[in-house]
Each structure stands twice: as structure tokens, then as C-alpha cells.
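**Student:** This is what each chain is made of:
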Amino acid sequence: MLHWMVYAGIAIAMWGLNGLFMKLGTNRISAHSMVIWVTLGFLLLLPFLWAETGLAGLNARVIFVGLLGGAVNGLGNWAVFACLEKGAKASVAIPLTALYPLCTIVLATVFLNERPNAVQWLGIGLALAGGAMLSYETAPVAEREEQLHCAQ
Amino acid sequence: MQIEGWRFPNWLWYALIGIFLWGLWGFLSKVGAEAANPLQLQILFTLGMLPVACAMLLRTGTKLERNHGGIIYGLLCGIATGVGTLGYYAALRTQAASVVTPVTGLFPVLTVVLAFVLLRERLNKVQMAGMLLALASVVILSI
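If you're matching them up, the sequences are chains H and C in order. Sequence positions in the first sequence follow the numbering used here and run 1 to 152. Sequence positions in the second sequence follow the numbering used here and run 1 to 143.
In short, the hints are calculated from the structure, not lab data. As the structure is a prediction and not an experimental result, all values here were calculated from the model. One or more of the hints may lead you astray.
Within a straight-line C-alpha distance of at most 16 Å, the following computed EDC-like cross-link-like pairs (lysine to aspartate or glutamate) qualify [what the hints assert, rightly or not]:
#1 K23(H) to E137(H)
#2 K125(C) to E137(H)
#3 K23(H) to E34(C)
Partial selection, computed: residues in chain H whose CB lies under 8 Å from chain C [claimed, not checked]:
#4 L67
#5 A98
#6 C103
#7 L107
#8 L122
Where a beta carbon is used, it is the ideal one built from N, C-alpha and C, also for glycine.
Please build the complete structure, drawing on both the sequences and the hints.
**Tutor:** This is how it looks when you write it as C-alpha cells:
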């Protein structure tokens, strides 16, 4: 088995690429329509996954946890989507939601008894700050001009 | 909630709910990764997400746009996210969720770099500083 960082690197590469596709896609169609096509993209992977493995051997608890994970992720997407629709500025809301690993850290240390060492805590802190800062986008020129106009 | 002229904005509730739900997903993924392989978890993840995605779509009543570029990028988004999630689940099999999740949360590094190279978007100072912190964290957590 490869080092865990290699697998994490695959996640970073694919999710990072997804961010670019998302930008390019929403330049052409609305975010609502994008949700539909993204979901179909997920479904396209299913036959390949089924061909490699099935769900045999998994107990009911694991199946429940896996399904719940998908539902919870989908609801999280809805909440962030709603957040932007309720008037949040993307430049504020997106860096804020990039702090979601903080919640995983709390849950994993409390319920799974994970105990990162001091060096790992330093890395975790830098990663959280770095992730939030990378998601920061300044307001578009039109929006800045509007703010300036309002201030005047 | 109102404090001396400052009102808790409505959108902030949704942002906090989103943070909690995505954080909970990371936690549940670790619990699932103890017994299921990444492919099995991804199948369950997709099936679990479907009812929520359908409800979202029915509620918004969106008229489906069929711009070819939009369709292709939308499908690619789903495929890229799905493959990335496989990597996340594989990493969780050998490392703690409290370590893996902050690292994979650094994916905007690549988005920012690709947007800079391919879309000619400019990096702001906060993003540049964030990139340095991200690289330092990856080096530290690789030790």
C-alpha cells in the first residue's frame, strides 16, 4: 500500500481540478443546472465501481454509515448553496466553509480518540489557515465599484 | 440574535450548518473506512447523496440548461470529485481523519494554480500567503 500522502495527493489533484471545471462550467450554465450534471457525472462512475467490487461482506452498520455520509455531504452542499443564495459574499463564505476540517478534527478526537502529536497539530493548524486563505477571492471589480458607490 | 446594532446574518447559519455537515462527512468516512474499501464507500456515498440531490433539484424546479460546454464541465466535475473521494477514502484507511482531512482540504492550491495558468486569473496576497502555509503543512505532516 502506498503512503497515505499519495492518496491524499490524488484527492487534492482531483478536487482541485474540479474547482477549475466548476469555474468553467458555471461560466456557461447556472449553478442549479450544474448540480444536475455533476450528479450525473457521479453516476457515470458507478458501473466501473460495481464492476470492481460489490457490497458483499459489509455489515448493515457500515452500509448505513456510508449512505449517511453521502446524504450528509449532499446536505452540506445544499447548505453552502443556500448560504450564497441568502446573500453571503463568496469571498467571505467560501473561506469560512473551507474550515470544515476543524469540525472533523473535533469529532475524531472526541469520538475516535485520535491523538495527533505536537508536530502534527502544527501541520493541522497551518493546513487549516492555508486552506481558508487559498479560498479567499477578492470581490469582482463591479462589486467593488458598487460598494464604493454605496459608501459615497 | 441581535447585539447592539449587529445582527447575526441569516446566511451565516447556513454556512455553519454546511461546515458541520461536511465535517461530519469526514468523521463518518473514517468510521466507514475501517470496514469498507474505498470503492465500496464511494458506491454508498453516491447512493446516499442521490435522494438529497433529487430533492434539491425538485425544490429548485430548475429548467435544465443544455449548453454543451456546461454539460461536459458538469460531468467532469462529478467524475473528478468521485475519483478524488476515492483517494480520500484510501488515505483514511492508514491515517487519522484529523490529519488527512486538513491536508485534502488544501485542494484550492491546485484550483488557484490552474486558474492562474489557464484562466489568467491573478493571485491575491492572501492566496499567496495561504499557498506558503499549505506547502509548509504538507511537508510537516509528511514527516
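**Student:** If you test the structure against every hint from before, which numbers come out violated?
**Tutor:** Hint 3 is the one this structure does not satisfy, whereas the remaining hints hold.
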